[in-house]
Every structure is written in structure tokens, then in C-alpha cells.
Amino acid sequence: MKLIKYLVIIFFMFNLSFSIAQSKDLKTKIAKNLRCLICQGQSVHDSDSEFANSLKILIEKKIGEGESEKQIYDFFRDKYGEWILYDPIFNKKTYFLWLLPILMFMIGGAIIMKKFFIKK
Amino acid sequence: MLNSIGHYSLIFGICFSFPIIFYSVINFRNSKELDKKIIFFIFLQFFFVIVSFLGLVFLFIISDFSNETVFNNSHTTKPLFYKISGTWGNHEGSLLLWLLVLTLFLFLFTIKSKDQKKEYRILTLLFQQIIIIGFFVFLIKNSSPFNYIYPIPDEGLGLNPILQDPALAIHPPILYLGYVGSSIIFSSALAATALNYISKKWAVHIKRWVLVSWVFLTLGILLGSIWAYYELGWGGFWFWDPVENVSLMPWLALTTLLHCILVLEKRLVLTSWVVILSITTFTLSMCGTFLVRSGILNSVHTFANDPERGLYILIFLFTLIFLSLFIFFVFHKSETKNTTSFFWLSKETSILINNWFMMYFLSVILIGTIYPIFLEVLSSEKISVGPPFYNKLIIPFLIPFLFAMTIGPKLNWIKSDLKNKLNLIVFLIISFLLSYLIIKDLKISFLINTVLIGSAFFLFFVTMRDFMKSKFRNLSQSLGHLGFSLLILSILFNNIFSSEIITNLKIGETFESKKVSISFESVEKKEYQNFSAVIGKFKILHSDGKIEFLEPELRIYNQPNIVTSEADIKTNLLQDIFMTINLVQNQEYFNVRYQIKPFMLWIWLSVLLISFGGLISFLKKRQNEI
Amino acid sequence: MKFKFFPITLFIFFIIVFSIFYKGLKNSNIYTPNLGLQKDIPFFEATVFNSNKRVNSDEIFDHDQFYLMNIWASWCAPCREEHPFLMDLKKREKLKIIGLNYKDKKRSAKNFLLELKNPYDLIISDNDGTIAINWGAYGVPETFIIYNRKIIDKIIGPINDNTILKINEILK
Chain G
123 MKLIKYLVII FFMFNLSFSI AQSKDLKTKI AKNLRCLICQ GQSVHDSDSE
173 FANSLKILIE KKIGEGESEK QIYDFFRDKY GEWILYDPIF NKKTYFLWLL
223 PILMFMIGGA IIMKKFFIKK
Chain P
9 MLNSIGHYSL IFGICFSFPI IFYSVINFRN SKELDKKIIF FIFLQFFFVI
59 VSFLGLVFLF IISDFSNETV FNNSHTTKPL FYKISGTWGN HEGSLLLWLL
109 VLTLFLFLFT IKSKDQKKEY RILTLLFQQI IIIGFFVFLI KNSSPFNYIY
159 PIPDEGLGLN PILQDPALAI HPPILYLGYV GSSIIFSSAL AATALNYISK
209 KWAVHIKRWV LVSWVFLTLG ILLGSIWAYY ELGWGGFWFW DPVENVSLMP
259 WLALTTLLHC ILVLEKRLVL TSWVVILSIT TFTLSMCGTF LVRSGILNSV
309 HTFANDPERG LYILIFLFTL IFLSLFIFFV FHKSETKNTT SFFWLSKETS
359 ILINNWFMMY FLSVILIGTI YPIFLEVLSS EKISVGPPFY NKLIIPFLIP
409 FLFAMTIGPK LNWIKSDLKN KLNLIVFLII SFLLSYLIIK DLKISFLINT
459 VLIGSAFFLF FVTMRDFMKS KFRNLSQSLG HLGFSLLILS ILFNNIFSSE
509 IITNLKIGET FESKKVSISF ESVEKKEYQN FSAVIGKFKI LHSDGKIEFL
559 EPELRIYNQP NIVTSEADIK TNLLQDIFMT INLVQNQEYF NVRYQIKPFM
609 LWIWLSVLLI SFGGLISFLK KRQNEI
Chain V
84 MKFKFFPITL FIFFIIVFSI FYKGLKNSNI YTPNLGLQKD IPFFEATVFN
134 SNKRVNSDEI FDHDQFYLMN IWASWCAPCR EEHPFLMDLK KREKLKIIGL
184 NYKDKKRSAK NFLLELKNPY DLIISDNDGT IAINWGAYGV PETFIIYNRK
234 IIDKIIGPIN DNTILKINEI LK
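Heads up: the sequence lines are chains G, P and V, in that order. Under our numbering, think of the first position of the first sequence as 123, with each following residue one higher. Under our numbering, think of the first position of the second sequence as 9, with each following residue one higher. Under our numbering, think of the first position of the third sequence as 84, with each following residue one higher.
No wet-lab data here; the hints were simulated from the structure. Just so it is clear, the structure is predicted and the values come from calculations on it, not from any experiment. Heads up, the beta-carbon is just placed ideally off N, CA and C, and yes, glycines get one too. Careful: at least some of the hints might be erroneous.
As the list claims (entries may be wrong) - Taking lysine-lysine pairs in the BS3-like style, the calculated list, with each CA pair at most 30 Å apart, reads:
hint	chain 1	residue 1	chain 2	residue 2
1	P	Lys400	G	Lys151
2	P	Lys522	G	Lys151
3	G	Lys183	V	Lys136
4	P	Lys40	P	Lys120
5	G	Lys149	V	Lys188
6	G	Lys151	P	Lys208
7	V	Lys233	G	Lys184
8	G	Lys183	V	Lys249
9	P	Lys390	G	Lys183
10	P	Lys149	V	Lys122
11	V	Lys87	G	Lys201
12	G	Lys184	P	Lys400
13	P	Lys208	G	Lys236
14	V	Lys193	P	Lys514
15	V	Lys109	P	Lys390
16	P	Lys523	G	Lys183
Said to hold, decoys possible - Far from chain V, some chain P residues (derived; all Cβ distances over 10 Å):
hint	residue
17	Lys40
18	Asn155
19	Pro161
20	Trp242
21	Gly244
22	Asn482
23	Lys534
24	Phe557
25	Arg563
Said to hold, decoys possible - So the derived list for chain V, only partly shown, Cβ under 7 Å to chain G, looks like this:
hint	residue
26	Thr92
27	Phe94
28	Asp211
29	Gly212
30	Ile216
31	Gly219
32	Gly222
Please build the complete structure, drawing on both the sequences and the hints.
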């Protein structure tokens, strides 16, 4: 019936040719997490500026030398500051950043529980 | 001459605030009906703002460079369409657009609220008038679009070519109709609170305004994303950039408000919450304006940043906040306690859950956007909060949210048992099975992706079935939710199945891979009205034999002197093929990016579907009244 | 009781938020990280511009004197603007100017120097820009002031009337 019709359509869509992504390699992952410092709001991966291109070459070199993702981030943090990393680090300066939304979630839940489910 | 007309129209406009306020105060106290004089002056105020706005538009069209704003933002060789859209593509002009929408909504509200109490109408227009006066003063004193410069230059400084895009040209007016339109909801909520008028009747009345604002805001955000995708050349449409966040936050508040109004229409509950959301939406709009124009944030926005302007907006924003707080705490009376317990399995509860999650998402975005500012002020440390943060905090919570969205609409008001449980369970199993089959061979985190896609499919199947079955009952809800499920699915698949090839090619060279071969055949140079183009001609040969030709461009503008990269995008229902080229400094080769982006069209269509749902709801109401 | 407590806290909260935004407005928005200052210079190896000889940073910054390392390229317009300042600084004793030729073509760079004259005591090549990144530079032009193998200060952007004062001050 209708259900089967839906399924057939969906399966058909996925069997048509479109390329399945290669797993996102490490270089892309790191480059996407670094801010292009001379651009206005672009990652190193997306940017084609000289700065971004040099950074990409350096990332590739470091991966080739066996450095871990964390080591590479540490290197750039050392040179350019926390500002260059898009994924904010979790340290005592950013506890509030990460935990405040979670706190809001729990407060929201508590308000709902309290106000509306006192008597069931 | 036009310049003076524009300037003095603004002066006239603000002068009309005096009679508006004067007659309103008198009328509020006496026992007569709404004084027609007030309507007349409100219209005059709106009329003069239109005159002023059109004056600026004409100044742009004729390229009158004796006007400072036109000089800074236009150029004689700009195509006419972009000369016109240049009017609001700058700080002063866009503020004039703010004022236009503010006065327009005031006028429309005044004439469309005839079935409401006079006191409520007057109080609403008074609150709206406060906002309008604030903007008039800001515009006239600090950001006038009608300043003269002398001597008169021959040529303007030109508009940024990245802004010469059709989507971006109409993005501000559409966005503002939503963004600024929420001002009337703000004023109305404050007025209704002060008069203890938060009731079912008020909810029915205000719902239409919420829908108007919501539909335009949705479309405005869509246009912004479309522009980002087509113009900025990186192949993405959302970057969690502060400017994007600033438009999304009022949207979240407004969507939440919409759902609460649905409850308020039926039962006198959640009244405090509705008022808070109404206030919050416009406050977020004002806050966004502050963040983006004051220079306090680093982003892709084009407006010149000026701390003095920022200060004015900041003070104005907090004046509105304190005013709202005052009115809320002094005047608001919450409903009596015994009506506020909900049964756990009911539509009210599911809307509460929707509220809960939406507010969580809102707080994630708000905190993520504002935290760097706070940190820098308090500790002089500068951090970036980018996509990884938002993804980590939002994606896991999407799963229960999608479930609530699936089950919620099926519940009844007050109390429900879940009908058609078998159907739902079948859909659930199919969704997760389908999801499993899709994900299992991919090298990505298995569990979260399976569950996420499974939940999205579940929502999709259930809403699709509802849509097919109940035809026109609750059409707007089905469309809205169906659209949302499609949006999530499209974004997820786009994310998972996107692929990219980045390579350096000289003219004549070819890149070969297992799936595709990209030949850089030639380069063509072409001259246009205000730029010269270098067009790269590529032949793409797919492994299944299909051949495509793509022609990404580099555009070299003369005024201002910059080079932009224009992507060539081939769209079909299944995927977009997205190609850009870039110059590499001092080398003979070009940097070539070839991307496959699945389901892009579905992303746009699903948002259109969502707005369409809102439109249906708006039109339906009007029918009911006739 | 509870009802009066809540609005007051909210009020205070917003006052605090306002003050923070206010202060944020006053701060400059130009981010110039003071990183790398007083830090040791990064160790690197490079090819001398005109030959195939390899040198490393220990050899370059050997003596007990001030060094300027100036990142430049022939395709960089502001580099032309700052060039007179560099020629001027060349006249100073106890100062050596090292040029880091950034992502440039040999011939274009040579022509640049032929046209404007050569202020550098030594030029090294950074063909892919990675040496500049190692120094924490953003691009061209950028100038580092070095003493005792430590970075004393840096100038982002071209040397001009303002920034030359900073250099002069340090060189005293």
C-alpha cells in the first residue's frame, strides 16, 4: 500500500548515482576547525587566502611527521592564541560557556516539572 | 533638492509623534471611540517615512553623489537593480528601512484592530511609538542618510560586489518585515499586560501578527542562506556566524511564541510565558542590531562599525528591556493555580516540551554568540566559538525534540491516549531500519547518526501520512512539520554525503580520480559593465559516462578594487555540483575546488514548505472571520 | 516575598550585562595578540635567496645586535610603501635586516629589489609560507624585532610614520 510506495521511492533515490563521501580526512577536519585570521568569518579549509593556504601546507606537513590532532592544535594555539580555534577549549575560563546552556536546560525541566506536575 | 525632501520628511515624521501621543492620551481617558485623528496622524507619519525612503532610493538611482550615503555606497556603473538595493545595503539606509517597517506595522495594526478594545489599541500604538521615536532620533541625529558632502565627487566609492546578488538585494526588506515586524507583537503584549487583557481573545487576535512576522522572518533567513551558498563560494549555507545567529534567535523565540499562542487560544494557561516570549523576540531583534552594528563582534557583516552608534542602540535596547520588566512585574497577573496542571500525555505538554527544547537551543546560540564578548571584557582573552560548539550542544538534543514533534500533534488537548499506536510503531521500525542501512557502510560515528536520521525519518513518515490523510484539516501544521522533517533530513544527508576535490591545475591539465576526471580546458576573458571576468572552462567526466561542463569565474571589480570568485553551480533534484576557481599568488596554475553537495534544493524547498505552512494558517484565519 | 526577590535580581542582572556590553564597546576591536613576545625565536631552516645554500636560524641570528626580520613579497603593494623606511634603517649600525621572501617568484623578487634597491643583509626564501606561520605571522608585510634570539616586538602591516617610532624607541 502507500507505505510500500514510500519505501520504494526512497530506495530508488538512494540507488541512483551520487558519490558517497570519502571519510573526512584529518587534514580537512583540522583545517575546518581553524579560523582564517585574515578573513572575516571563514575557516582555513574554506578560505583561499595566502594565510590559509600556508596553514594547510603546514598542517599536512605536521600530519606527515606524525603529530596528533591535539599537538597540531596546541602548536597553532601557541602561535596565534585561542582565537584561532573554532572549538572552544574546556577550561576554567570556558566552564560557563559549555555548562550554562546545560544548566538552562535543567532549569527549564525543573520549572516544567514544578509548575505543571504537582498533581497528576 | 531630493536630499532636503528626504531629510525634512524625517523631521515631519517625528513631529507627528506629538499629536499622536497627545490625542492618544486624551482619547485613552475619555469614553469615546478611537479618535480618527490618531489614525490620520499615524498614516501621515508612515507617509512621510515613505517619502523619505523613496527620496533616498531616487538619490541612489540618479547617483547623486552630493549625498554622503550615496557617495559611500554606489557607483555610476552599478546596474540599476543594485543601485536601488544599495539604498538599504548600508547602515543609514537600512535604519530608514527599519523605520519604514515600524511605521508600516503601526499603521496596519491601527486599521486592522477595529474589533479590539480602544484602550488596548491606544496603549499598543503608544508603545510602538516609543520605539519609532527612538529610531527617528537615532536616524536624524546620528545616522542620517541625508548628509551633504562638498565638493561633490564625480564618482562614488561603490558597493561591495559580494552584495550584488539578487537574493541579497531583497534579503533585508523581507527579513525586516519579520524581524522588525515583531515590534508590534512586543508593543501589543506590553499593552495587553498593562490592561490585563492577556486572554484567548487576545491570542486569536495577535496570532495573525505573529504569523506574518514569522513567515517573513523564515523567508528572510532562507534568502540569507541562499545568498551565502551562491555568493560566498565555500559551498556552505550556514556557519554559525554571529550575524546568522542574530537572525536565528528571534526566529526561535517567535516559533516558540507561535506554539504557545496555539495553547492560549484554547486554554487560559501559559499567559506569563506568552508575554515573556513576545518581549523576548523583539528584544533579541534589537540586541542583534546592536551586536552587528556596534563593532563589538567580529563577523562577515558589511556595515561600518561605529562604537558611538553602538552606544545609542545599547542604551535604547536596555531602556526597552527595563520598561518591559517594569510593566511585566507591576501589571502582570498570572492565572489562578488550579487550571495549570497538565496531564502528562496531552498536546499542551508536548508544546511545553517544544518550548523547553527551543529555549535550550536559543540559549545555546545566545551564549555562544555573546560569551566571547563577556570573556574579553572580563579577562582580556579572546576565544572563538564556532560550528563545533553549536553542533555538539544542539545535535544530541535534536533527537528527543524530533520525537516530541512527531508524537505531539497526534495528542488531544487536555488528555489523550495514543491512537494508532501500531502505525507509529511500524513507522518507527522502518525509520530506524532505513537509517541503519544507510549509515552502516559509512565511516562515521554510527550510533548518533543512525538515531538522528532514524528520528528524522520517523517525523517525516508520520507527518507525510498525516498530510495525505487529513487533507485540509490542520494543513498548516502538517506542512510546517513535514517541511521541518525534510529540512533536517536534507541537512543531514547533505552533510554526510558531501564530497570535495581540491587541486591545482594549469590550463590544459586534467585531474583524474576513480569517480571523476576534471579537465581544465581553457580560459575566457570577458568585460562587463563594472567588472572584468576570467572564466574557467571545465569538462567533467563521471565514471558512469556522464559529461558536464562547468564555468566558474573570477571577477575583477574596479570600484572597489577587489577580486571575487563566482561559483558555477549545476542543480538538480538530487544534488548540486559546485565549482570554484581561485588565483594562486604569483603562479600559473589555478586552485580548483569541485564539490558534490547532495539535496541542496531540498534544503531550500523544505524551508519554503515551512513558510507556506505559516501562510496557510494566516489565510485560514481570515476566512474564518469572513 | 519570592515575587519581589526575582525582579530585583533580574534587574541587577541586566545592569551587569549592560555594563559589560558598555565596556566591550570601549575596547578596541583590533586583535593584535601579544603572543610570541619575549619568547625565543622559532628554530627553522631555510634556503638563501640567491643560492642553494641552506642556513638555519641559529646561524642567522648569531651576533649580539638587533635584527629586523621583514616579511615581504614583490606582489605585495604595502611592501612597496614601507620600502623607503627599510632603506633608511639599513644605514643604522648594530642593526641587521633579514628579508623573508614570502611565496614569491625569484625573478619577480629580483626585479623588485633591482627597482627599489636592496635593504637586506640577507634574504631567505619562504616558498610555501610555512616559515612565516612558524613565526606567528599573518601575512605580508610584517616585521619582527629580534635581540638575543628573542622576539622583542613585531609590527603587523607596513612600517609607516607611526610604527617607525616604535622601532626607533626599541633600538635605543
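Results of checking the hints against the structure:
no. : hint                  : result
1   : P:Lys400 <-> G:Lys151 : holds (15 Å)
2   : P:Lys522 <-> G:Lys151 : holds (23 Å)
3   : G:Lys183 <-> V:Lys136 : holds (22 Å)
4   : P:Lys40 <-> P:Lys120  : holds (19 Å)
5   : G:Lys149 <-> V:Lys188 : holds (27 Å)
6   : G:Lys151 <-> P:Lys208 : violated (52 Å)
7   : V:Lys233 <-> G:Lys184 : holds (24 Å)
8   : G:Lys183 <-> V:Lys249 : violated (36 Å)
9   : P:Lys390 <-> G:Lys183 : holds (28 Å)
10  : P:Lys149 <-> V:Lys122 : violated (49 Å)
11  : V:Lys87 <-> G:Lys201  : violated (51 Å)
12  : G:Lys184 <-> P:Lys400 : holds (26 Å)
13  : P:Lys208 <-> G:Lys236 : holds (24 Å)
14  : V:Lys193 <-> P:Lys514 : holds (25 Å)
15  : V:Lys109 <-> P:Lys390 : holds (16 Å)
16  : P:Lys523 <-> G:Lys183 : holds (27 Å)
17  : Lys40                 : holds (36 Å)
18  : Asn155                : holds (23 Å)
19  : Pro161                : holds (23 Å)
20  : Trp242                : holds (20 Å)
21  : Gly244                : holds (24 Å)
22  : Asn482                : holds (38 Å)
23  : Lys534                : holds (24 Å)
24  : Phe557                : holds (32 Å)
25  : Arg563                : holds (19 Å)
26  : Thr92                 : violated (14 Å)
27  : Phe94                 : violated (19 Å)
28  : Asp211                : holds (5 Å)
29  : Gly212                : holds (3 Å)
30  : Ile216                : holds (5 Å)
31  : Gly219                : holds (4 Å)
32  : Gly222                : holds (5 Å)
Consistency note: the structure conflicts with the earlier hints numbered 6, 8, 10, 11, 26 and 27.
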